[in-house]
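K.L.:
Protein chains in written order, with this note's numbering: chain A, 5 to 383; chain B, -8 to 117.
Hint data in this document are derived by calculation from the structure and do not stem from the laboratory. Cβ atoms here follow ideal geometry from the backbone N, Cα and C, with glycine treated the same way.
Residues of chain A clear of chain B, computed beta-carbon distances all greater than 10 angstroms:
(1) GLY40
(2) ALA95
(3) CYS150
(4) ARG153
(5) ARG157
(6) ASP198
(7) TYR206
(8) TRP218
(9) ARG226
(10) LEU278
(11) GLY288
(12) ARG355
(13) VAL371
With a straight-line cut-off of 30 angstroms between C-alpha atoms, the simulated DSS-like cross-links for lysine-lysine are:
(14) A:LYS372 with A:LYS353
(15) B:LYS81 with A:LYS364
(16) A:LYS291 with A:LYS136
(17) B:LYS44 with A:LYS364
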Amino acid sequence: MSDHKKDSSGPQTELRKTPLTAFHRDQGARMVDFAGWEMPVQYGGILEEHRAVREAAGLFDVSHMGEFTVAGPQAAAFLDTVLTNDISRLAEGRAQYNLMCYPEGGVVDDLIAYRTGPETFLLCVNASNCQKDFAWLEGHVGEFDCSLRDDSRRYGLLALQGPKADEILKPLTRAILGHLPSFALEESSVAGWDVVISRTGYTGEPGFELFTPWNNTEPLARAILEAGESAGLRLAGLGARDSLRLEAGFPLYGHELSEDISPIEAGLGWAVKLGKAADFIGKGALKQERAAGSGRRIAFFRTGQRRILREGTPLFAGSREVGRVLSGTLSPMLNEAIGSAVVEASVLKDRTVEAELRGKTFPLQWVKPPFYTSAHKST
Amino acid sequence: MSDSNQIKYAKTHEWVRLEGDQEAVIGISDYAQNSLGDITFVELPSAGDRLTKGESFGVVESVKAASDLYAPVNGEVLAVNESLEDAPEKVNDSATGDGWMLRVRLDDPSDLNDLLDEASYQAAND
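Between the sequences and the hints, there should be enough to build the whole structure, so can you do that?
P.N.:
This is the structure we're talking about:
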């Protein structure tokens, strides 16, 4: 037996550790290098953890993600020049999905911006882009009257996701979760620890992301796990996180988003506010793209069978290559291989697009995500 | 028949168990299923196909990767475990039991002498 894809990891360097690294090992996690961090990919099995999140709840350590604080009288005005969504309309206590773009329209990163105070924002960015993003912000802040601080090592971050997330968190906090809508946050406490509770996530399920001071993360995780045990809460790793986000149709930077893929191509035009007053980086290119239409699209597909079409698999319409797979996995809920691809927009309507795998061809069925809708809609 | 239940391993992580004088059952090791993680698909040859020692006879896929399966012996496929088509997770649950892959007629049962016994295989993976 041998892997088709050879391990491409380079020389061993010291991996960064979240506040839960030792805890994950104790819990029997399989640890991997993810963006330079030693992270749990799974504790038991990925499929089992995935189903637990869909049916009960899962607890994820996402402390590797980057957090930046942007504060000052012109914080909003500055962010409006580097982010595509409308920051000036973001109310205190609310969160907003954003893209940070290059002048040509490609994506530096996607992130969630949280307005934590009248003049204070927290940006939560991908671990893999953390340094690049901070440098990008520093390079563009210029004369704006605001400060930038990399708080990635100050905050631990846990994601509690699933239909039972509310039920599990409720007895542990004084925050009134029923009053916390989607994309809202509240400074509160959980099990006695200071926590910013945000009703956001990356699974398509109801749930929360919990920001807490770095050293509180482990006791907080233990308290939540203990409280959730009877409701079926399980630890879930990056493996399940990836299959859950793909089933929900959420993009992952480096796959559905990159320097070479614009948010319009990625179907994220709803987060690009071309009408906002601020002249943001990439606005010109994206305006032009929206007017002219995109030649390529990111699209999601089902395959009707279980062979996973892996990243990079070429796609054909007849004998012509028209795109390639960006992400592929087995959907544990549909029990078939699903994925995303970048393809010529013209083939999406009425051409049969096929992938070839080990001498067999597989026609793709295009799907508007989510592939799976939670039975328990977020409030 | 003293060692009829004895299992032998290839360095490439396939196992072979002699059953009778000429027949053997083939699968992948517990170590292999564990390092692959959740198995999502198994591609196997058909009854009547030839196995050539050291050559690929199929593919096992997990969420993580697709891996070739290599024939540990020469022989002819008598039967394949059809149930793996709908339930490939059997390989995770019982790699050397319900997760078996092929039943073969061996060209030469002495092929098994070239394979590792349980202790040597375990030692090779430590």
